[in-house]
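Novice: Listed below are the residues making up each chain.
There are 2 protein chains.
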Amino acid sequence: MPDAPPALDPDELGAYFALIEVASLLRHAVEQQLRDAGDLSYVQFQLLARLGDAPAGSHRMTDLADGVVYSRSGLTYQAGLLEKAGLVMRAPSADDERGITVTITDAGRERLAKVFPGHIEVVRHMLLEPLSHDQVKALAALLAPVRDHMRSTPPRSAAPRRRP
Amino acid sequence: MPDAPPALDPDELGAYFALIEVASLLRHAVEQQLRDAGDLSYVQFQLLARLGDAPAGSHRMTDLADGVVYSRSGLTYQAGLLEKAGLVMRAPSADDERGITVTITDAGRERLAKVFPGHIEVVRHMLLEPLSHDQVKALAALLAPVRDHMRSTPPRSAAPRRRP
DNA sequence: GGCAGTTGCTTCGAGTTCGAAGCAACTCGC
DNA sequence: GCGAGTTGCTTCGAACTCGAAGCAACTGCC
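Going down the list, the protein sequences come from chains B and F. In my numbering, each number is its position in the first sequence, counted from 1, plus 339. In my numbering, each number is its position in the second sequence, counted from 1, plus 339.
Mixed in with the good hints, there may be bad ones.
Treat identical chains as interchangeable: a pair holds within one or across any two.
[To be verified] Derived lysine to aspartate or glutamate pairs resembling EDC-like cross-links, with alpha carbons at most 16 Å apart:
(1) K453 / E370
(2) K476 / D348
(3) K423 / D378
(4) K453 / D434
(5) K453 / D378
(6) K423 / D445
(7) K476 / D350
(8) K453 / D402
(9) K453 / D375
Just so you know, these hints were derived from the structure itself, not from any lab. Because the structure is a prediction, the values reported are computed rather than measured.
Start from the sequences, fold in the hints, and give me the full structure.
Specialist: Right under this line is the structure:
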């Protein structure tokens, strides 16, 4: 039987709650803007942004799903929508016959360019405005190791498929 | 005409991306634990936690919705589920006939107590572990003003009028 | 008082999300 | 090579989510 974990002290609670709250509010605001400006959901925007940033403008499905923290089936659905809208293309991977490579189209890049200024403005206005540049830097420096830790820590869900 | 917003510099981008990523990963991990340990979704847990913290163990629906950043209709649905599970009670508000007061039940408090230790453990393990206590304090101090700023900033309709 | 506008909650429909199951392609050991 | 196990993606069903529309109770202004 594991030790009962000690309760969180006020600083820890404060950091945790503030993090969740800030992320929720920010996501909400961004979602609204993306919907208005370019009829994109947040996931769709994240996917396009990742593809737009990639050297060849493409990624495998699984890498995309992991990158944006999304289920595989959910990604299949969203990739289908984006493809139907002409913003991405899907093609079987060259080296692995069962992999699918998703590539952003010119229309996808245009859409990205269309929503980006407003997106930046929202992030600036909601998240960055109350912070000095040094504080922003400090925030990034605090969160980056946490992200790396989370990415490398065995999340219970990453347990390989099922044990017989 | 407003200036085109300047692009985000690497620190700003880093803070923004890391924030979203950390929140997504953390939420995912927590969701899993809550599902396993007590068959609760994250929203349901947040609702119970807020009610458990409240002086009288109760809140109005709208305050709950705003508190956890959730749509009203979604809250109606979730409150219905929690009520059906016997974890909360709903009753018309005394002072405002159209308001509904949601109150946590003993069963609700028990469920909360049941999942809480595991919850804390996940938060500790995923979020807090890679940070010193001073860093946790710094993180809370950085995020709190941002949250307050977001809460007090006109959430929508800040968009300039568009053509009909 | 009364009536226009607001607020608090629910209903409804459409769209989305996820996990489990399923299929095809790859890998490894022998 | 051959089979067992793994991996990449999709399909399927059920559950969740949201905004718009709707209804009842409150408010303000005259």
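Novice: Hint by hint, note whether the structure agrees.
Specialist: Cross-check of the supplied hints:
1. K453 / E370: within (15 Å within a copy, 34 Å between copies)
2. K476 / D348: between (25 Å within a copy, 10 Å between copies)
3. K423 / D378: within (14 Å within a copy, 37 Å between copies)
4. K453 / D434: neither (34 Å within a copy, 49 Å between copies)
5. K453 / D378: within (11 Å within a copy, 42 Å between copies)
6. K423 / D445: Answer is within: at 14 Å inside a copy they meet the 16 Å cutoff, but 50 Å across does not.
7. K476 / D350: between (20 Å within a copy, 5 Å between copies)
8. K453 / D402: neither (25 Å within a copy, 36 Å between copies)
9. K453 / D375: Within one copy only: 11 Å inside, 42 Å across.
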